[in-house]
Amino acid sequence: MTKTMTDVVCPFCGTLCDDLEVSLSDDGKQILEVYNACVIGTEKFLHSQAKDRVTRPRMRQEDGSWKEVSYDEAVEYTAKILANAKKPLMYGWSSTNCEAQSVGHEIAEMCGACVDNTAAVCHGTTLIAVQDIGIPSCTLGEIKNRADRIIFWGCNPAHAHPRHMSRYSIYPRGFFTGKGHKSRKIVVVDPRVTDTASLADIHLQVEQGRDYELLNALRVALNNEWLPDVVAGIPQEKIREVAEVCKSGRFGIIFFGMGVTQSLSKNHNIDEAIALTKHLNEFTKFSIMPMRGHYNVTGSGEVLAWQFGFPYSVDLSRGFARYNPGDTSTIDLLLRGEVDAMLTIASDPGAHFPISAVKQIAKIPSVAIDPHLTPTTGVSKLHVPVAFVGVEVGGNAYRMDNVPIDTRKVVDPPAGMLTDEEFLTKVRDRVKQLKGVK
Amino acid sequence: METVTITMKNPPQLYLEADNVTPDKFAGKSASQIAELHVYEGNTTSTLGKYFEVAGSAGATAADTKIVVKGDVSKVKYLGMKMSAGELVIEGSADQYVGAWMSGGKLLVKGNVDAFAATGMKGGELTIEGNAGNYLGAAYRGDWRGMSGGKILVKGNAGSDVGMYMLGGEIVVNGNIDVHVMTHAEGGKVIIKGNAKSKLGGQLVDGTIIVFGTIDVMMPGYKPVGEAELEIDGVKAKFAHFIGDTGERKKKRKGQVIYGNLYKKL
Numbered sequence: 001m002t003k004t005m006t007d008v009v010c011p012f013c014g015t016l017c018d019d020l021e022v023s024l025s026d027d028g029k030q031i032l033e034v035y036n037a038c039v040i041g042t043e044k045f046l047h048s049q050a051k052d053r054v055t056r057p058r059m060r061q062e063d064g065s066w067k068e069v070s071y072d073e074a075v076e077y078t079a080k081i082l083a084n085a086k087k088p089l090m091y092g093w094s095s096t097n098c099e100a101q102s103v104g105h106e107i108a109e110m111c112g113a114c115v116d117n118t119a120a121v122c123h124g125t126t127l128i129a130v131q132d133i134g135i136p137s138c139t140l141g142e143i144k145n146r147a148d149r150i151i152f153w154g155c156n157p158a159h160a161h162p163r164h165m166s167r168y169s170i171y172p173r174g175f176f177t178g179k180g181h182k183s184r185k186i187v188v189v190d191p192r193v194t195d196t197a198s199l200a201d202i203h204l205q206v207e208q209g210r211d212y213e214l215l216n217a218l219r220v221a222l223n224n225e226w227l228p229d230v231v232a233g234i235p236q237e238k239i240r241e242v243a244e245v246c247k248s249g250r251f252g253i254i255f256f257g258m259g260v261t262q263s264l265s266k267n268h269n270i271d272e273a274i275a276l277t278k279h280l281n282e283f284t285k286f287s288i289m290p291m292r293g294h295y296n297v298t299g300s301g302e303v304l305a306w307q308f309g310f311p312y313s314v315d316l317s318r319g320f321a322r323y324n325p326g327d328t329s330t331i332d333l334l335l336r337g338e339v340d341a342m343l344t345i346a347s348d349p350g351a352h353f354p355i356s357a358v359k360q361i362a363k364i365p366s367v368a369i370d371p372h373l374t375p376t377t378g379v380s381k382l383h384v385p386v387a388f389v390g391v392e393v394g395g396n397a398y399r400m401d402n403v404p405i406d407t408r409k410v411v412d413p414p415a416g417m418l419t420d421e422e423f424l425t426k427v428r429d430r431v432k433q434l435k436g437v438k
Numbered sequence: 001m002e003t004v005t006i007t008m009k010n011p012p013q014l015y016l017e018a019d020n021v022t023p024d025k026f027a028g029k030s031a032s033q034i035a036e037l038h039v040y041e042g043n044t045t046s047t048l049g050k051y052f053e054v055a056g057s058a059g060a061t062a063a064d065t066k067i068v069v070k071g072d073v074s075k076v077k078y079l080g081m082k083m084s085a086g087e088l089v090i091e092g093s094a095d096q097y098v099g100a101w102m103s104g105g106k107l108l109v110k111g112n113v114d115a116f117a118a119t120g121m122k123g124g125e126l127t128i129e130g131n132a133g134n135y136l137g138a139a140y141r142g143d144w145r146g147m148s149g150g151k152i153l154v155k156g157n158a159g160s161d162v163g164m165y166m167l168g169g170e171i172v173v174n175g176n177i178d179v180h181v182m183t184h185a186e187g188g189k190v191i192i193k194g195n196a197k198s199k200l201g202g203q204l205v206d207g208t209i210i211v212f213g214t215i216d217v218m219m220p221g222y223k224p225v226g227e228a229e230l231e232i233d234g235v236k237a238k239f240a241h242f243i244g245d246t247g248e249r250k251k252k253r254k255g256q257v258i259y260g261n262l263y264k265k266l
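Chains as they are written, first to last, in the numbering used here: chain A, 1 to 438; chain B, 1 to 266.
Since the hints were made in silico from the structure, they are not lab data.
Treat the hints loosely; a few may be bogus.
[Unchecked claim] These stretches of chain B come out as covered by chain A in the derived footprint (C-beta under 8 Å, 3 or more residues): (1) 12–24; (2) 28–42; (3) 137–144; (4) 175–184; (5) 217–224; (6) 246–256.
Even for Gly, the Cβ is constructed at its ideal location relative to N, Cα and C.
Just chain A, same shape as in the assembly (with noise of 0.2 Å):
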């Protein structure tokens, strides 16, 4: 008899589906199947059963090989680079819970680190607007139950939050929206022709880097202005019908994603949706809301602005904590040399950054904690595996919208590995003796 658990989160994508069930072998040791989950989702719980895992930290050599080395050894490498560097930098914490980067953040403080997440690369654009002008925002439930204008700019959840459109944006009949898929009109914004783009009542084929223009033109008609004939390659009687499509809804949405927050104008592109969604509530109801990639990487910003003021990009080497994305910002501080350690943390850099920050990294004392081998853990002198959050160890997580939601530990990690939390408590205890703090 195979055992059944019902309710577990899973630990991919910022949509955090709490509904899924895994079935395990009768010892309770083994994952055999997952139901509910997306592909995706799947896959990270089969992949920690992978029989070629590596369990023990490793460090290169001087002939470029690996050596295993005890959690040990890795603590007194991790506690003595961050400690005895100027300016070190914490750069990840997107797919470890809350717990650990607490931890992490306690070591940034007695080492002057700087400390950034995964935003820098993704929805901290989102964050500077949001500094801002601020932001009206909901939960995923309001939008389930209530709006029946669903725009999706720049972003594709068909690929990248594969269960979002039929758990909470296009397909669930709610509470108000009994109809499903019928009640709602959808609007893509995009370039390209994706699958998303596919389901759309109406998709805006914007021209690429031009979404502030489109943004602007939709303002201006809200105001009924004069516009030049075609704005970003649409015509202004489309852009007309798209703010009247918008005004005559009841409850409206704009999700947004790495189209608008990493393409030209960045946070101005974010900065002025919502100023568009703001301008629309003179009209009717409307939110916008970031399509946050990492399971947690919300909880990180939650963190970081609970702990330092800031969501990103935190630079705390003089004391007190500074935040200047473009000074403060991981890929520029590695590009410009200004720091001489590198902690990364359930994140994959090397895979992400420009080839020549992740040459810098290459460079400096570096570690990499992470439970898979990934091209960061490859240009690291030191790999930490550890237990994967969210089917190994629990821990606290924060969906998109901010709602907090507590992971749940599926099956035990291999014997002796250590949890993300675990490690870093023990190269905290180490820096506080190496630092002279009691």
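Once you have looked at the hints, place chain B on chain A.
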């Protein structure tokens, strides 16, 4: 006016934060006292004398003090931060935050400056003979008060986000400018003698942008209203006149809506 010369002799391994290099902080100090002022490299606090050779002595007040910075200071931040009077001359290129929040005096950079120069500038004169980076005369991150007074002249090119949240004062760029000029501005003027790219005056409430060269893409919120003749630096010329940003909130004066102005040379 007394002159203090500081020369970089021992460049930092990382970057140096030298917010004490201002006529205000140097005033009334001898060379040895100036050498004892703090500078910061990462989490390490040390003295100016560890990195710079200090010669000469300062005047009694900031207004009587001139500082000349020699040597490679391309990895030094915050030079001239919050200066209120006197003079500062940087003979080479400097890093970020040159003249940030300065409220008076003259600051001359003979090379280039990196981002965030003249952040929140309130007064005085900043001249950059080379190129300026991004966020020139803009607000600090999260602040809504950008440059509010004074004058900036860039003889080379300028980066993006020039004059973001600008409230007053004037920026002249002799060369070309990158995207986003005077975003969110509520006053002030930016004159671009070269070419501009796009997103000029987005979300601008009030203020003036004058472009002598080309604009790649106009913001849709700028409505053409005819032509105007302007005299700039003694030169009269005809300009196409646009008002905007018509998507953004607007102030009213005596029942009249006040728009921002964008002029492009014909």
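Hint check:
1. 12–24: As far as the stretch 12–24 of chain B goes, the hint holds, because 4 residues have Cβ atoms under 8 Å from chain A.
2. 28–42: Holds, because 3 residues of the stretch 28–42 of chain B bring their Cβ atoms closer than 8 Å to Cβ atoms of chain A.
3. 137–144: Contact hint for the stretch 137–144 of chain B vs chain A: holds, 4 residues under 8 Å.
4. 175–184: Since three or more residues must qualify, the claim that chain A covers the stretch 175–184 of chain B holds, with 4 doing so at under 8 Å.
5. 217–224: Since 6 is at least three, the answer is holds.
6. 246–256: Held - the stretch 246–256 of chain B has 3 residues with a Cβ nearer than 8 Å to chain A, which meets the minimum of three.
In summary, this structure violates none of the numbered hints.
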